[in-house]
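There are 8 protein chains.
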Amino acid sequence: MKVYLSGEIHTDWRERIETGAEGLGITFTAPVTDHAASDDCGVAIMGPEDDKFWHDRKGASLNAIRTGLGLRQADVVVVRFGEKYKQWNAAFDAGMAAALGKPLIVLHDPEHAHPLKEVDAAANAVCETPEQVVDCLRYVLTGKLPG
Amino acid sequence: MKVYLSGEIHTDWRERIETGAEGLGITFTAPVTDHAASDDCGVAIMGPEDDKFWHDRKGASLNAIRTGLGLRQADVVVVRFGEKYKQWNAAFDAGMAAALGKPLIVLHDPEHAHPLKEVDAAANAVCETPEQVVDCLRYVLTGKLPG
Amino acid sequence: MKVYLSGEIHTDWRERIETGAEGLGITFTAPVTDHAASDDCGVAIMGPEDDKFWHDRKGASLNAIRTGLGLRQADVVVVRFGEKYKQWNAAFDAGMAAALGKPLIVLHDPEHAHPLKEVDAAANAVCETPEQVVDCLRYVLTGKLPG
Amino acid sequence: MKVYLSGEIHTDWRERIETGAEGLGITFTAPVTDHAASDDCGVAIMGPEDDKFWHDRKGASLNAIRTGLGLRQADVVVVRFGEKYKQWNAAFDAGMAAALGKPLIVLHDPEHAHPLKEVDAAANAVCETPEQVVDCLRYVLTGKLPG
Amino acid sequence: MKVYLSGEIHTDWRERIETGAEGLGITFTAPVTDHAASDDCGVAIMGPEDDKFWHDRKGASLNAIRTGLGLRQADVVVVRFGEKYKQWNAAFDAGMAAALGKPLIVLHDPEHAHPLKEVDAAANAVCETPEQVVDCLRYVLTGKLPG
Amino acid sequence: MKVYLSGEIHTDWRERIETGAEGLGITFTAPVTDHAASDDCGVAIMGPEDDKFWHDRKGASLNAIRTGLGLRQADVVVVRFGEKYKQWNAAFDAGMAAALGKPLIVLHDPEHAHPLKEVDAAANAVCETPEQVVDCLRYVLTGKLPG
Amino acid sequence: MKVYLSGEIHTDWRERIETGAEGLGITFTAPVTDHAASDDCGVAIMGPEDDKFWHDRKGASLNAIRTGLGLRQADVVVVRFGEKYKQWNAAFDAGMAAALGKPLIVLHDPEHAHPLKEVDAAANAVCETPEQVVDCLRYVLTGKLPG
Amino acid sequence: MKVYLSGEIHTDWRERIETGAEGLGITFTAPVTDHAASDDCGVAIMGPEDDKFWHDRKGASLNAIRTGLGLRQADVVVVRFGEKYKQWNAAFDAGMAAALGKPLIVLHDPEHAHPLKEVDAAANAVCETPEQVVDCLRYVLTGKLPG
Chain E
1 MKVYLSGEIH
11 TDWRERIETG
21 AEGLGITFTA
31 PVTDHAASDD
41 CGVAIMGPED
51 DKFWHDRKGA
61 SLNAIRTGLG
71 LRQADVVVVR
81 FGEKYKQWNA
91 AFDAGMAAAL
101 GKPLIVLHDP
111 EHAHPLKEVD
121 AAANAVCETP
131 EQVVDCLRYV
141 LTGKLPG
Chain Y
1 MKVYLSGEIH
11 TDWRERIETG
21 AEGLGITFTA
31 PVTDHAASDD
41 CGVAIMGPED
51 DKFWHDRKGA
61 SLNAIRTGLG
71 LRQADVVVVR
81 FGEKYKQWNA
91 AFDAGMAAAL
101 GKPLIVLHDP
111 EHAHPLKEVD
121 AAANAVCETP
131 EQVVDCLRYV
141 LTGKLPG
Chain P
1 MKVYLSGEIH
11 TDWRERIETG
21 AEGLGITFTA
31 PVTDHAASDD
41 CGVAIMGPED
51 DKFWHDRKGA
61 SLNAIRTGLG
71 LRQADVVVVR
81 FGEKYKQWNA
91 AFDAGMAAAL
101 GKPLIVLHDP
111 EHAHPLKEVD
121 AAANAVCETP
131 EQVVDCLRYV
141 LTGKLPG
Chain X
1 MKVYLSGEIH
11 TDWRERIETG
21 AEGLGITFTA
31 PVTDHAASDD
41 CGVAIMGPED
51 DKFWHDRKGA
61 SLNAIRTGLG
71 LRQADVVVVR
81 FGEKYKQWNA
91 AFDAGMAAAL
101 GKPLIVLHDP
111 EHAHPLKEVD
121 AAANAVCETP
131 EQVVDCLRYV
141 LTGKLPG
Chain G
1 MKVYLSGEIH
11 TDWRERIETG
21 AEGLGITFTA
31 PVTDHAASDD
41 CGVAIMGPED
51 DKFWHDRKGA
61 SLNAIRTGLG
71 LRQADVVVVR
81 FGEKYKQWNA
91 AFDAGMAAAL
101 GKPLIVLHDP
111 EHAHPLKEVD
121 AAANAVCETP
131 EQVVDCLRYV
141 LTGKLPG
Chain F
1 MKVYLSGEIH
11 TDWRERIETG
21 AEGLGITFTA
31 PVTDHAASDD
41 CGVAIMGPED
51 DKFWHDRKGA
61 SLNAIRTGLG
71 LRQADVVVVR
81 FGEKYKQWNA
91 AFDAGMAAAL
101 GKPLIVLHDP
111 EHAHPLKEVD
121 AAANAVCETP
131 EQVVDCLRYV
141 LTGKLPG
Chain D
1 MKVYLSGEIH
11 TDWRERIETG
21 AEGLGITFTA
31 PVTDHAASDD
41 CGVAIMGPED
51 DKFWHDRKGA
61 SLNAIRTGLG
71 LRQADVVVVR
81 FGEKYKQWNA
91 AFDAGMAAAL
101 GKPLIVLHDP
111 EHAHPLKEVD
121 AAANAVCETP
131 EQVVDCLRYV
141 LTGKLPG
Chain U
1 MKVYLSGEIH
11 TDWRERIETG
21 AEGLGITFTA
31 PVTDHAASDD
41 CGVAIMGPED
51 DKFWHDRKGA
61 SLNAIRTGLG
71 LRQADVVVVR
81 FGEKYKQWNA
91 AFDAGMAAAL
101 GKPLIVLHDP
111 EHAHPLKEVD
121 AAANAVCETP
131 EQVVDCLRYV
141 LTGKLPG
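Sequences listed follow chains E, Y, P, X, G, F, D and U, in order. Under the working numbering, the first sequence has 41 at position 41, and the numbering climbs by one with no breaks. Under the working numbering, the second sequence has 126 at position 126, and the numbering climbs by one with no breaks. Under the working numbering, the third sequence has 60 at position 60, and the numbering climbs by one with no breaks. Under the working numbering, the fourth sequence has 48 at position 48, and the numbering climbs by one with no breaks. Under the working numbering, the fifth sequence has 44 at position 44, and the numbering climbs by one with no breaks. Under the working numbering, the sixth sequence has 52 at position 52, and the numbering climbs by one with no breaks. Under the working numbering, the seventh sequence has 76 at position 76, and the numbering climbs by one with no breaks. Under the working numbering, the eighth sequence has 63 at position 63, and the numbering climbs by one with no breaks.
Simulated from the structure, these hints should not be mistaken for lab results. The structure presented is a predicted model; accordingly, all values stated were derived computationally and were not measured. Careful: at least some of the hints might be erroneous.
[To be verified] Listed below are the simulated PhoX-like cross-link pairs for lysine-lysine, each with C-alpha atoms no more than 25 Å apart in a straight line:
(1) 144(G) / 52(G)
(2) 84(E) / 52(Y)
(3) 2(G) / 2(P)
(4) 2(E) / 52(E)
(5) 2(Y) / 2(F)
(6) 144(D) / 2(D)
(7) 84(X) / 52(P)
(8) 2(X) / 144(X)
(9) 2(U) / 86(F)
(10) 84(E) / 86(Y)
(11) 52(U) / 86(U)
(12) 52(X) / 2(X)
(13) 2(Y) / 52(E)
(14) 2(Y) / 2(P)
(15) 84(P) / 52(P)
(16) 84(F) / 144(U)
(17) 2(Y) / 86(E)
(18) 144(U) / 86(F)
[Stated by the list, open to error] Which stretches of chain U does chain F cover? Using the computed rule of at least three CB atoms under 8 Å from a CB of chain F, they are:
(19) 7-15
(20) 24-34
(21) 80-93
(22) 130-143
Note that CB positions come from ideal geometry on N, CA and C, so glycine has one too.
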């Protein structure tokens, strides 16, 4: 099974899921999680831009190759919303996953439940911890419940 | 031409676009913009819920009929990001529009350009004012530039 | 808006929805609700069969033209589960609607909630009365809540 | 070849098919067949619900990841209707399989033929025993008839 | 409802269906039924060819615009197999209709049933007379049986 | 029938086709054929760019709304290759039409036949004059040959 | 590369292609070519039918699992038209291949070119001998021409 | 990852990309780059044509098997525009890639930026050197920037 881990890149949630899911035979993919590389990839490779808007565009378009492939080739998409930043790209990925008919697991703290209600309504599961995501993935693959 | 106006519901941007586009023969659709009705529609029709999470779910799932039809039947999707709230549903709609191959016009202030770079990169046009959106729509339909 | 009314054919639920929705501009479609005609249409038109299995097959295949078109051309699909019969064709229609990405409203009494949980989980709204279905449709089209 | 075995979970029909098909190189998938785990998986992983309706919803949505992947990745879908329960989820799976264009084999006793006529009409084969399903699969793969 | 009448062009079956279906609001489309025009359209418009193979190719490719649109825009496809010629284009159209998920009605004499068994197996109805096709279309639209 | 007229914008071929096709009930669409407006639309509406590359990008992305809609909503796509310029956008449109399964008519002088062989091979008809295109469209709609 | 070899089952054309293509790494699939098994598979497995029409239907529907998978999973579809029988199923397969966007190679003698002109017009290559088909496949895979 | 290298065949850009990407685990595909074989493949295999137009058609249709498969099976499509020839087939491939939703990298010298603006606007990245393409591919796969 291929699982794409989209969204927040400043905590260790991806590592916790990957560690917890060891032995299940899952291949995890993700966006580039090096914030600086992700922001500057376009100009670093294809040349500088004077205008920050186009600096960003070059990077975002290049990153879209990786994120688009990750999403489209995934069997399950997990999207994490964290504490900081606008995270509109996470919600954008969730919208793409929904339109593509991908099973969707959303991971966020309860205090974000109201503004995320449209995203949650498109999801198969809404988790609060990475360990719950692992339990979901294990159950989906093996039928085994935790504990 | 059918244009779906997604996103922020607290300013008059939809009215400004609809007024500016008079005479172009465009049919505009939109989500329910009455915030209270949108939040409570599920329980108002199908009965109350003790748990706010499911109160929200019932409403979001019902609203998804309207927003899903608006998006899927649109020739062009306009998504507005405003000043307040998380607006993850706006970014979610943009992601759906992108995955469905819908032409996308994004409307936001310049200070949101960086966190919206992934959304902007999927758009055909990035506007700062509703009047620019009208100019885009008029040009697309008639080939006429403003002024 | 086109709404396909699938499922149970022995009570007046379709009439109650159509009457309640007057003035909303909805076009309703439905399977043939004359039970005898629906069962015998194949042999009545294309000749008798000795074997009841093929008698049924001829009718079911012919009816599938109408039900398939109704489902595929609908903007919203409503599926009603009633008190009698196995109603596997209603659940089959719900499965087709889900796979086709059609917004789905399910209508059934609360005592059927557990065996219908997979169907309900694919639905945008789960109603107990035809009047709630009308309220959902009115809200989706006009944004107005009942009362 | 991947075959998804959907439907009834209280008899040994899956084992009989898997045993009979040994050596054919078929990978079989199935829903979680532990009835209690299947019913309670949502609350066991993501926390309890006071309301049985949402208890069921959480489980059904989580199970839909597995059943949806099983269906969508299958080359052939087999759906078994048994003696007990409403089995609307089996008919729902059959409807999804039909809409997705999956070859469909239906397995049921002759006395259910009339209420299943719409499902049977969408199927490539209607079998009465698991051994007939095996014979169908062997023939499809090898061209060899039984006996 | 749009119905595409594909196949044999040497008898009056299209007229009999169109006459019989008067008042049902059906729009019928068909290939060009003038045999000479159909054979020579390519070279008549785009210039002569020395080689009969390319003479035929030019015509067949031009005719494919009309037949392709007729098939793709139809709600129901009727394919008639007659007494003369190879009629491989009729079977080709039936294959396209099947792959496109179009409801299919096949019209042929009983003596062709065996060589047409694969086509019939993909059809919703197999008729022997144009009048039976009319009865099928009337039933699908109105629910009324003949007589 | 909707026909999209893509490609060269410096001769009167569109007018000749539209005049010749009068009375056939065809709706013609086209890109913006005012060369200056087409080049500058992006910056004229959304603000100037220092860099010609992004000046062009803004315009091309905005024009893609119109050309994309024209292509996707067309029943038939006509692509004209003329004498001047690289015309890569015409070939790009032809590639999109082919991938979308749109019937394609290509219009060009014989001396371009070799470099256009891949485009021609994807077309239903290859014409040398606008009048031949009209004859093709008339034949497709009415079955009548010229003369 | 996967190549589906559809059509005529009474000469050794499949063997000649498979032998000629040795070393190219192609996986060939085909319908069941045992004529008697193909005709009787349905009743042999699922029980006899009094009516030859349903005897044929049972077999054709079961065979459609294999032929449908072969077609849908193929990278290239080869369809052979021979000297005997109506071969409507071969043309039906060609129609399906065309609608599914599969590259199509047609193999037939020159005297069938006129009645096969619609099928040929949908094909990438029209061959007269199995050896030409092998040469086409070798060229497609390796870029090497014969001789 | 599979990358299709479309376009210009007279310089060593493919070799530079393949060499630069060694160790990344990419499978590269490409059209037949032997110009003479590509032009003559149709007649060499299926027999000569008197008319150059059909000579070209036979080859182009056969080549379309390889180019179509390359495009459709690719994860990323790279299209190179060089100095010579019309290169309409390169732009045609880019249009197909865009319509198929494939991530697209365009490679051309800056002086072609204006006539390629529609193609560039559909691309995720616009590069001037093969080495930049390699850097893009490495970044997409590993997240590592050059230098």
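Verification of the hints:
no. : hint           : verdict
1   : 144(G) / 52(G) : violated (50 Å)
2   : 84(E) / 52(Y)  : holds (24 Å)
3   : 2(G) / 2(P)    : holds (17 Å)
4   : 2(E) / 52(E)   : violated (35 Å)
5   : 2(Y) / 2(F)    : holds (17 Å)
6   : 144(D) / 2(D)  : holds (19 Å)
7   : 84(X) / 52(P)  : holds (24 Å)
8   : 2(X) / 144(X)  : holds (19 Å)
9   : 2(U) / 86(F)   : violated (30 Å)
10  : 84(E) / 86(Y)  : holds (11 Å)
11  : 52(U) / 86(U)  : holds (18 Å)
12  : 52(X) / 2(X)   : violated (35 Å)
13  : 2(Y) / 52(E)   : violated (33 Å)
14  : 2(Y) / 2(P)    : holds (17 Å)
15  : 84(P) / 52(P)  : holds (22 Å)
16  : 84(F) / 144(U) : violated (43 Å)
17  : 2(Y) / 86(E)   : violated (30 Å)
18  : 144(U) / 86(F) : violated (36 Å)
19  : 7-15           : violated (count 0)
20  : 24-34          : violated (count 0)
21  : 80-93          : holds (count 10)
22  : 130-143        : violated (count 0)
The structure fails to meet hints 1, 4, 9, 12, 13, 16, 17, 18, 19, 20, 22 from the earlier list, while all remaining hints are met.
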